[in-house]
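Q: Go by the hints and put chain V onto chain F.
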Amino acid sequence: MEEKNIHDELAAIRSVMERSSKFISLSGLSGVLAGIYALVGAAVAYIAVYNDAPPYTDNEVVGSGVTHTRDYSFITLELIVVSILVLVASLVTGFILTRNKAKRKGQAIWGKLSQSLLFYMAIPLISGGALIFIFLLRGYYGIVAPASLIFYGLSLVSASNFTFTLVKYLGLCEIALGLIAACLPGYGLLFWAIGFGVLHIIYGSMMYLRYDR
Amino acid sequence: MKVPFEKLDKAFENRLRLQIMSVLMVNDRYDFNSLKELLETTDGNLASHLKGLEKEEYIVVHKAFLGRKPNTTYEATEKGKEAFRQHLDALEKLIKQQKIN
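Going down the list, the protein sequences come from chains F and V.
So for the first sequence, this note's numbering puts the first residue at -1; every next one is plus one.
So for the second sequence, this note's numbering puts the first residue at 60; every next one is plus one.
In isolation and in its complexed conformation, chain F is listed as follows (with noise of 0.2 Å):
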């Protein structure tokens, strides 16, 4: 047996058992512009909280006796389109660059990995999500920054056994920044533009480095 053969031989064990347990179609590029998408729209809803929000001094009536509560449900909803926005983009990013980087693979965008993936990610994203929205309606505003990064972390190493081992130690990071979040409380947004932004950013780019050429 020539050397080159051996070697050939390798490659073949080698390509094969990755495609067969690992869904090695995840796009790094689209998480460099998910967290792109993430950082532009953070930056709207601090213009819209900071800015937009009527004056401060609407609450410094406290004297006459009649207290005005400032009207947030603009800003609320300003948010939530803010939020649905971003989803949305990154994920039509991230389904057609990865889309395009599985024919490039020669693997099945819908086969069992990437189902197995999905259903991972989905348990603690569906729980976390529904914990978040239980919470906005009890009024505790102050867990939506905390729980999404944690609930989001958990959900990366729960899925990464189906992909690159970098995810899991995105998820590690989500979720110790998500703790450090719930200990500064008013620091929400910028936490989250951290995780969802600059933490993309990074681990997307290591992804694009190491695997996506």
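It should be emphasised that the hints constitute simulated quantities derived from the structure, not laboratory data.
Check the hints yourself; a few may be wrong.
Below are the DSSO-like pairs computed for lysine-lysine, each with C-alpha atoms no more than 27 Å apart in a straight line [to be verified]:
hint	chain 1	residue 1	chain 2	residue 2
1	V	K95	F	K101
2	V	K95	F	K99
3	V	K140	F	K20
A: Frame of chain F, contents of chain V only:
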């Protein structure tokens, strides 16, 4: 020094058999259709090599039904896993020797 070709498992001489075994090393079970898609081969070719591995007792076959559709899955046996590891060891030794020569 003699090159230990005899340590290479004859059952893995065929590339497709080696690939089937590789898949079953990292996945508990794998079904026929997914194997066919992954390895880009034909029904007949895949079936005959699976038969071969089954005869060596390197894999076991589980036949089940998903609704009314037959769903056949394959699993590597301990014997098969050990044989695969030895085959890899033999390949490794070959490479090392070629580096020395």
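Q: Each hint: holds or not?
A: Quick rundown of the hints versus the structure:
Annotation: proposed proximity of V:K95 to F:K101 holds, straight-line Cα distance about 17 Å (limit 27 Å). For a cut-off of 27 Å, the pair hint linking V:K95 to F:K99 stands: about 21 Å separates their Cα positions. Under the criterion of a C-alpha separation no larger than 27 Å, the hint pairing V:K140 with F:K20 is consistent with the structure, at around 20 Å.
Taken one by one, the earlier hints all hold for this structure without exception.
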